[in-house]
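K.L.:
Those sequence lines, one after another, are chains A and B. Read in order, the letters of the first sequence are residues 1 to 106 in our numbering. Read in order, the letters of the second sequence are residues 1 to 508 in our numbering.
Source of the hints: derived by calculation from the structure; they are not laboratory data. Heads up, a few of these hints could be off.
[As the list claims (entries may be wrong)] Derived SDA-like pairs (lysine to any residue); straight-line CA-CA distance at most 20 Å:
| # | chain 1 | residue 1 | chain 2 | residue 2 |
| --- | --- | --- | --- | --- |
| 1 | B | Lys-64 | A | Tyr-72 |
| 2 | B | Lys-431 | A | Pro-56 |
| 3 | B | Lys-64 | A | Arg-10 |
| 4 | B | Lys-113 | B | Gln-275 |
| 5 | B | Lys-64 | B | Glu-7 |
| 6 | B | Lys-64 | A | Asp-85 |
| 7 | B | Lys-64 | A | Ala-9 |
| 8 | B | Lys-64 | A | Pro-86 |
| 9 | A | Lys-92 | A | Arg-80 |
| 10 | A | Lys-92 | B | Arg-151 |
| 11 | B | Lys-431 | B | Leu-500 |
| 12 | B | Lys-64 | A | Asp-3 |
| 13 | B | Lys-64 | B | Gly-330 |
| 14 | B | Lys-113 | B | Arg-313 |
| 15 | B | Lys-64 | A | Pro-6 |
| 16 | B | Lys-64 | A | Gln-74 |
| 17 | B | Lys-64 | B | His-53 |
| 18 | A | Lys-92 | B | Pro-146 |
| 19 | A | Lys-92 | B | Gly-190 |
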Amino acid sequence: MLDALPPAARLALTTALVLLDQGARLYPPAQGRRFAGLGDAEAEAYIRALMTWRGPAAELVLRLVSVVTMCYYQLPEVQREIGYDPAPYIAKVTQRRLERHGPGTP
Amino acid sequence: MIAGLTEADGIRADLSLECGVVVVGSGAGGATVAAELAGAGADVIMIEEGGYHPTASFTPDTGKALRTLYRDGGGGMAVGRPSVLYTEGRCVGGSTVVNGGMSWRTPAPVLGKWARQEGLLQIGEPELAPYFAEVEARLSVGTQDPETIGRDSALFAAGARARGWGVVANRRNQLHCAGTNSCSTGCPTGAKRSMLLTSVPQALAAGARLFAGCRVDRITRSGTDVTGVTGHVVRPGGRRGPRLTVRARVVVAAGGAIQTPALLTRSGLRSASGQLGRNLSMHPNAVVTAFFDQDVTGWQGVHQAFQVREFTREGLLLTATNLTPPMLAGILPAWGRELGALMADYNRIITAGPLVRDTGTGRVRTIPGLGPQIFYQLTDGDAARAVRGVELTAEALFAAGARRVLLPFDGAPEIRSMDALRRLLARPVPKRSIQLYSVHLMGTARMSEDPRRGVVDSFGAFRGVAGLFVTDASVFCSPIGINPMETVIALALRDARHLLGQRRRWGI
Chain A
1 MLDALPPAAR
11 LALTTALVLL
21 DQGARLYPPA
31 QGRRFAGLGD
41 AEAEAYIRAL
51 MTWRGPAAEL
61 VLRLVSVVTM
71 CYYQLPEVQR
81 EIGYDPAPYI
91 AKVTQRRLER
101 HGPGTP
Chain B
1 MIAGLTEADG
11 IRADLSLECG
21 VVVVGSGAGG
31 ATVAAELAGA
41 GADVIMIEEG
51 GYHPTASFTP
61 DTGKALRTLY
71 RDGGGGMAVG
81 RPSVLYTEGR
91 CVGGSTVVNG
101 GMSWRTPAPV
111 LGKWARQEGL
121 LQIGEPELAP
131 YFAEVEARLS
141 VGTQDPETIG
151 RDSALFAAGA
161 RARGWGVVAN
171 RRNQLHCAGT
181 NSCSTGCPTG
191 AKRSMLLTSV
201 PQALAAGARL
211 FAGCRVDRIT
221 RSGTDVTGVT
231 GHVVRPGGRR
241 GPRLTVRARV
251 VVAAGGAIQT
261 PALLTRSGLR
271 SASGQLGRNL
281 SMHPNAVVTA
291 FFDQDVTGWQ
301 GVHQAFQVRE
311 FTREGLLLTA
321 TNLTPPMLAG
331 ILPAWGRELG
341 ALMADYNRII
351 TAGPLVRDTG
361 TGRVRTIPGL
371 GPQIFYQLTD
381 GDAARAVRGV
391 ELTAEALFAA
401 GARRVLLPFD
411 GAPEIRSMDA
421 LRRLLARPVP
431 KRSIQLYSVH
441 LMGTARMSED
451 PRRGVVDSFG
461 AFRGVAGLFV
471 TDASVFCSPI
481 GINPMETVIA
491 LALRDARHLL
501 GQRRRWGI
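With the rest of the complex left out, here is chain B (with noise of 0.2 Å):
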């Protein structure tokens, strides 16, 4: 029994609440404002529509993780040619639980951009290093230990520095991560710093209360005044259990860049911008399968070791990141006897790939009976970026010592050396046949000064109705090119203390 958890079992009535400020979302923005506020003593309700899963019930069993800390079983797929899919996490700590940990600053000339552009208030890096500094203090942010490196994240930074290329070695939220390679699935051992383990355990303990299971429905307003929630608990398959009604001055929008703009969008709530739900932003990226003599194991060792930061400057950052066996199955153009040879050598193999810095945009619709549905149309320009992101991968791979690769592109024949690729990519690449996946989406609710542009202000304040504010990576202004987390806490940070600066305006 955790004090101020309520799980969605143990509802059996429907609910009625009062508090300061509810909190949609209990991953990297909503529980970093829930704890803020609750630690400055607001009474701060959190609703989150996934459940609580503590860490002694994560196990590397890829299905289970699926089902209970994913949105729909991790099988989001973005409308377009070619299609992207792409996973949300869901569930308490949200996708912080199933992330690689990966925690970088917002590159300074992001941030830059973003003032220039938008016009946004106290954005500039020595205004955010504060702010980055505490979240990297407060998540125990470092490198790795180097003996939980496994071989597959070796060996592509080996193959990466022999081409003279840099590499540098990740910074993650970990304390002494013990390399089991269990990211996706949940850490086992805790080492992650997740907000599962910081910053929803630093509200509860604040006195904040949180409700798992409950899914939110609507906004609710009086006028252009915010005064709450309402929603219902959720049963298993989905079905709608007791309704959840939630009063509060100050409601804090935090359900990642599809959920939010859906949420606002099916509470009636419109943006005078015509920005809301448009400008998203997905990192696309995909996966070179390499294949060795020797063993790799790559399921051995820490997730992610290296980033290859040659390329930064093209919009590319290259990684190697273990697939379990069904999401490797899943992916390989093969099936029936052919898929098993190649999976007969799992233990050969390396996955790695690029991460696209993309320059098109997507829109978030809700579609009546399907919920929010992404349409993404990847541009000529991200998707020749996309190709030589795969080709400087497979230069990498080839440099370490792979013996072939598959590439992810539909009907591409087995690659056996760099000529044949260069010979294989001198006839361009049909861009629906680029496989891509996505875990990065960013910048539906976008940050403006200029009502124009922007859904909120430069503090996640939504316009036009009082008390509302989005702490997610939907405020992004634009892609921001490496892994979003960090820049979502220091976000939310920041603007918690921004609204703890009003607290006599808005009574909390």
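Chain A with its partners taken away, still in its complex shape (with noise of 0.2 Å):
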């Protein structure tokens, strides 16, 4: 999804997926660490500490969780967690289709 983006877009995503992981250097309980090397606990916290901001920064993390979120729930395995799971429902509903309108159906 994100190779779609016009490259203006792309830059400024990449330039704050940047500062959102050495972002983390600055925040006491990282101790340095950059966001990819926290722990589950540490990295939920820190995320936290940001959504506490306000105005336009807040916006910007808002939709980067959002961004990653949405990859995140991109993945087969995930969506078969949820109960997601539409290739073979999609298979029985167009066999279903061919069925009773006939295979000449465009």
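Join these two chains into a complex; the hints should help.
P.N.:
This is the structure:
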């Protein structure tokens, strides 16, 4: 999905992700580690701390989280875990359509 | 290999072409005009910025669809308070490949208002009725086969009917839709009669040529006469490929209400009316997320089987629309473990909401280095109607058995009853906190017979440049309050026939 963004948006997003990652070094409980090096609890606390900001910075963090979340729920194994598995269903109703309306149906 | 189709990866060197009519865009407006003109023997070239993706390539993979079928990965954002997220199709067939296929005639009062305010010719209901009928026959417009209606639509309709509200079965351009709920990722059965499967192949069969994956940079002219377009092949990652030059006697701009004014503007064209790029309407919509005790599996069954029409006089249309997991996760007001807990109930969720016939307008401006950017300010009245629409949607969902709902207002608590909702709404909802989306973009090259008000005339002719026409939702004189596809196609058909009536003049 990110590949499809226009170059300026891609650059802005990449910059924001780098800032988010490296910005963790300034978060005291991280003890100088980047975001990618934090444990789950520390990472969550860091994001929560960012979420308490106001204004455009908070909006930016929110959008980043939203993008990452979308990518996570794009994973087939995550989708199956929440009960979303459309391929067999699509195959079934496509077959039903063909049986009822004939193979010549476009 | 499809006769007449040239894809970007098949173009290795600069191309210079000649034709009678070059059509920019292959969506509802562009494909319709191309098929009509080519069918009448005109030499037509269509240029589409997006790629050619056949039905066999469509899967329910949201990420793949966003990459291949949508402009900018579906991530458009109108600047304002609140901002409005919007999407545009970008592929052969345009937005008709990824829309829900809702096919409704322009409401007669809207046409009457356009005729009165703009002095438009041949725009009344009696004049347009034959075009609508023809479009509906050509695209197999009708209601769903009952077995394809999913539980989310059925429950939402039942809730609305329990409140005594008028509900109508949606009309769509489908031939025995299977109910795969894949409208927004491309119909995998071909049941949706998008332009990809109707007017585009019709145009190609009549001899038109289609260049996919090619972007038009400018409309060219000599004095006040249009002479064609220049552009380039789009390589992966948006890189510029070989140049494309098309000499034509007629240019039809049909890139939609954002791209068309942007193309005209970067071509150095100005409208004496000062209205080019202005008067943008968006039909903003909001999403209410409702949780039920039992499984709903909203992804099984057709997308938006019904519309609640009880509040159309207020400019509100309500409907249930299933969102795929990535789309839903992207809008829920939670993250981390909290989001995980909400998403665990994915199969017990119905998403529904209002579409607002907006009274405020926005503007498309081209920002150097960034391209077209929308600026749109929601009016207080439209914000109030969006909130009212959210309240009505929640009312229908509670009537259908929802246990709790999440509202599209930043910071709003989870709501477990209508009483709780009414208490919450007793205080004003800050306008900036409303989360809004749009898939209907209209009005940035308005039709009018008054040159001081309109960018184009009653038949899409751009004033001040001979041989340049606009046939997409840009020409709308106001929002129409319902899904715009059929209006776009009917107007395009009418404009094409008007153009054919002037063949000798244009030499096509």
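K.L.:
Now tell me if each hint is right for this structure.
P.N.:
Here is what the structure says about each hint:
1. B:Lys-64 with A:Tyr-72: Answer holds: Lys-64 of chain B to Tyr-72 of chain A is near 14 Å, not above 20 Å.
2. B:Lys-431 with A:Pro-56: Given pair Lys-431 of chain B, Pro-56 of chain A holds - Cα atoms ~17 Å apart, limit 20 Å.
3. B:Lys-64 with A:Arg-10: The hint holds at about 17 Å.
4. B:Lys-113 with B:Gln-275: The hint holds at about 18 Å.
5. B:Lys-64 with B:Glu-7: 19 Å, holds
6. B:Lys-64 with A:Asp-85: Cα-Cα ~16 Å, so holds.
7. B:Lys-64 with A:Ala-9: 18 Å, holds
8. B:Lys-64 with A:Pro-86: 15 Å, holds
9. A:Lys-92 with A:Arg-80: 17 Å, holds
10. A:Lys-92 with B:Arg-151: Judged against 20 Å, a Cα distance of about 17 Å means the pair holds.
11. B:Lys-431 with B:Leu-500: Violated - the C-alpha atoms of Leu-500 of chain B and Lys-431 of chain B are around 48 Å apart, more than 20 Å.
12. B:Lys-64 with A:Asp-3: Cα-Cα ~10 Å, so holds.
13. B:Lys-64 with B:Gly-330: Measuring from Cα to Cα gives roughly 16 Å; hence the hint holds.
14. B:Lys-113 with B:Arg-313: The given pair, whose Cα atoms are some 15 Å apart, holds under the 20 Å limit.
15. B:Lys-64 with A:Pro-6: 16 Å, holds
16. B:Lys-64 with A:Gln-74: 10 Å, holds
17. B:Lys-64 with B:His-53: The given pair, whose Cα atoms are some 11 Å apart, holds under the 20 Å limit.
18. A:Lys-92 with B:Pro-146: 16 Å, holds
19. A:Lys-92 with B:Gly-190: Cα-Cα ~15 Å, so holds.
Hint compliance for this structure: hint 11 is the single one not met.
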